[in-house]
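Heads up: the sequence lines are chains A and B, in that order.
Numbered by our numbering, the letters in the first sequence go through residues 1 to 382 in order.
Numbered by our numbering, the letters in the second sequence go through residues 383 to 558 in order.
These aren't lab readings, by the way, just hints derived from the structure by calculation.
Cβ atoms here follow ideal geometry from the backbone N, Cα and C, with glycine treated the same way.
Possibly wrong hints are sitting among the right ones.
Said to hold, decoys possible - For each label pair, taking beta carbons as the anchor points, the in silico distance ranges come out as: (1) Phe-417(B) x Leu-87(A): 52 to 58 Å; (2) Val-421(B) x Leu-87(A): 47 to 53 Å; (3) Leu-19(A) x Val-526(B): 55 to 61 Å; (4) Asn-31(A) x Val-535(B): 19 to 25 Å; (5) Val-421(B) x Val-29(A): 28 to 34 Å; (6) Arg-403(B) x His-71(A): 31 to 37 Å; (7) Val-526(B) x Val-23(A): 19 to 25 Å; (8) Leu-500(B) x Val-23(A): 35 to 41 Å; (9) Ala-20(A) x Val-535(B): 31 to 37 Å; (10) Ala-20(A) x Phe-417(B): 23 to 29 Å; (11) Asn-31(A) x Gly-520(B): 37 to 43 Å; (12) Glu-90(A) x Phe-417(B): 54 to 60 Å; (13) Val-526(B) x Leu-16(A): 37 to 43 Å; (14) Val-421(B) x His-71(A): 36 to 42 Å.
What the hints assert, rightly or not - Partial pick of chain A residues on the chain B-facing surface, computed with a CB cut under 8 Å: (15) Ile-18; (16) Leu-22; (17) Asn-209.
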Amino acid sequence: MDTLLNRYRNITVLLLVILAQLVLIALQVRNDQDVRMIRVWSVTAITPFARVLETVRGGAVGLFEDYISIHDEREENRRLRADLDRLKMENLYLKTELSTADRAKALVAFQAHTPSKTIAVRVIATGAGANSRVVFVDRGSGSGVERGMPVVTPDGIVGKVIAAYPTASQVMLITDPDFAAGVVSQKNHVTGTLRGQGYAACKVDYVTNEEKVDPGEWFYTSGEDRIFPKGFPVGVAQVVRNGSPYKEILVEPSGMQHGLEALLIMIQGVHQDIPEAQPANAPVYIGPPPPAPGEPANQPAAAAGTDADRLRQRYLQIGEAQGHKFGEGLPGSKPPDFNLKAPLKPQGSDAATRGRGDAGTPSGAQAPQPAAPKPPPQIPPQ
Amino acid sequence: MNESGDRILVGNQREQVSRFRARVLLTVPLAAILFQVYVPRFFPFLGYLELPLLVTIYFALMRRSQIGGLFVGALIGLAQDSLSTKPLGMYGIVKTLVGYFAASVGLRIDVEHPFIRLILTFFFYFFHQLMYWVLSRGLLREQVGFEAQRTLVLGLLNAIVGMAVFHFLDKLRQRA
Chain A
1 MDTLLNRYRN ITVLLLVILA QLVLIALQVR NDQDVRMIRV WSVTAITPFA RVLETVRGGA
61 VGLFEDYISI HDEREENRRL RADLDRLKME NLYLKTELST ADRAKALVAF QAHTPSKTIA
121 VRVIATGAGA NSRVVFVDRG SGSGVERGMP VVTPDGIVGK VIAAYPTASQ VMLITDPDFA
181 AGVVSQKNHV TGTLRGQGYA ACKVDYVTNE EKVDPGEWFY TSGEDRIFPK GFPVGVAQVV
241 RNGSPYKEIL VEPSGMQHGL EALLIMIQGV HQDIPEAQPA NAPVYIGPPP PAPGEPANQP
301 AAAAGTDADR LRQRYLQIGE AQGHKFGEGL PGSKPPDFNL KAPLKPQGSD AATRGRGDAG
361 TPSGAQAPQP AAPKPPPQIP PQ
Chain B
383 MNESGDRILV GNQREQVSRF RARVLLTVPL AAILFQVYVP RFFPFLGYLE LPLLVTIYFA
443 LMRRSQIGGL FVGALIGLAQ DSLSTKPLGM YGIVKTLVGY FAASVGLRID VEHPFIRLIL
503 TFFFYFFHQL MYWVLSRGLL REQVGFEAQR TLVLGLLNAI VGMAVFHFLD KLRQRA
């Protein structure tokens, strides 16, 4: 018996194991019940490893993605930085172009309006030296430029020509310590000598302490130096204090506030009047507000016109309501009833009515037109 | 049968029995099952790789113990079942049979040769799939068809992969 068992031991075990599993399957199928315990064991044994694997994988993938992301972002950052630099350069270029165009337009307008004869020049270089306050412009004696001619911009004086070469000229700026020009204050008409100091602000010399100069007061050329014609703006007094023996007045030049690029050399200067000082509390024209969204632009205001215009419009409507044409009735005929309350139409809203009214106007006068907007008054620089 | 034929076909069973550490016997099947349930999440084509079967074949072939082989097969099969939606025992029975027959073949053939391993792996894969299909139809009454051609191709692929796996597992054997 033992020999028989030993001989068929393996196949017996196989059959037993298979039989056990068959029973297991049969039980599950017949009772439709799962053997939860074995599954719990297996899942419990497997899932911790899977969790560890997932953690490691997630970490590795995250690290890899972070690396890729950082790499990509670094690349994108580099590209964006390059784009930004390029756009900055373009922006700077366009700003310069725009500024140049504006300055050129201002120069042309100034040239057209100023009685002085000027030529436009362009700054092409600066003088050598760290503290140099001279520039070279692209017009010289060949264009009629001579030594001593004033150089201005629409905003004020800039300097004077100190050397005229055939194709270029050298201009000393008003900030140069050697520069001097006669000036007069706008409000109190105090005269003095403008001198450069080597930096942005200039000073006005030879103004005694007894004379009155207010901070913020404008200075204009006085014409006494025989270089600059009278009446060109010089700058605003920034600092005014008593000194010894003269007042200490620092002026911020107005002619150089927009940079030095396009200038005007005054070939033939004409003296001008110094504009009157504008009172500080002078009324300033303020234009009407822009139309609201959906509202047509250039709509005349309902209140435009005088009382006489409104009365005339009312009479026209009354006459129209009674079939009366003004100017056609004989003397002594019945006039229209002006007490009749005709429905008033808003002025300017009915073109046909207005047209008929025009035809019946005794004097042939035109119907009242909407008042044109008043142009803003020219305010001298303050 | 001559002497060399005896060595190949019969061999000295005692000398050719491979021994493995317990931790290898535990972790390798676990890793195989883990591979099957985890890796195809990210690489679906690796779902066709029946790594638990390959491990069963290897241990059964190399240990040359029919009882050992059938128990290895049964345990790996039951573990595989418990992670599937099918009743427990389906893979268990199939892998029990594979383990038993693989061990039986290992007792008679020199299974160190790669080509023999390739043929055996291919055969047992086909047998495994066929038996599973038979049990599915017979015990669970599942009306599924048996795709022989596909099974043959996958059997070849698994056999090729099995060569690499067996080569790796050979290094985990205990030295005499």
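Going by Cβ atoms only, is Asn-209(A) closer than 8 Å to chain B? Interface hint status for Asn-209(A): violated (91 Å vs cutoff 8 Å).
Take the C-beta atom of Arg-403(B) and the C-beta atom of His-71(A), compute their distance, and say whether it sits inside 31 to 37 Å. With a Cβ separation near 44 Å, Arg-403(B) and His-71(A) fall outside 31 to 37 Å, so the hint is violated.
Are Leu-22(A) and chain B close enough, Cβ to Cβ, to be under 8 Å, as the hint says? Holds, because the Cβ-Cβ distance from Leu-22(A) to chain B comes to roughly 7 Å (cut-off 8 Å).
I want to verify a distance hint. Is the separation of the beta carbons of Ala-20(A) and Val-535(B) within 31 to 37 Å? Between Ala-20(A) and Val-535(B), where Cβ atoms are some 34 Å apart, the hint holds.
Could you see if the CB distance from Leu-19(A) to Val-526(B) stays within 55 to 61 Å? violated, 25 Å
Do the beta carbons of Phe-417(B) and Leu-87(A) sit within 52 to 58 Å of each other? holds, 53 Å
For the pair Leu-500(B) and Val-23(A), does the Cβ-Cβ distance stay inside 35 to 41 Å? holds, 36 Å
Whether the CB-CB distance between Val-526(B) and Val-23(A) falls inside 19 to 25 Å: With a Cβ separation near 24 Å, Val-526(B) and Val-23(A) satisfy 19 to 25 Å, so the hint holds.
Interface hint status, Ile-18(A) versus chain B (Cβ within 8 Å): holds, 5 Å
For the pair Asn-31(A) and Gly-520(B), does the Cβ-Cβ distance stay inside 37 to 43 Å? violated, 19 Å
Range hint 54 to 60 Å: satisfied by the CB atoms of Glu-90(A) and Phe-417(B)? holds, 58 Å
That 19 to 25 Å hint for Asn-31(A) and Val-535(B) (C-beta), does it hold up? At 39 Å between Cβs, range violated.
The structure fails to meet hints 3, 4, 6, 11, 13, 14, 17 from the earlier list, while all remaining hints are met.
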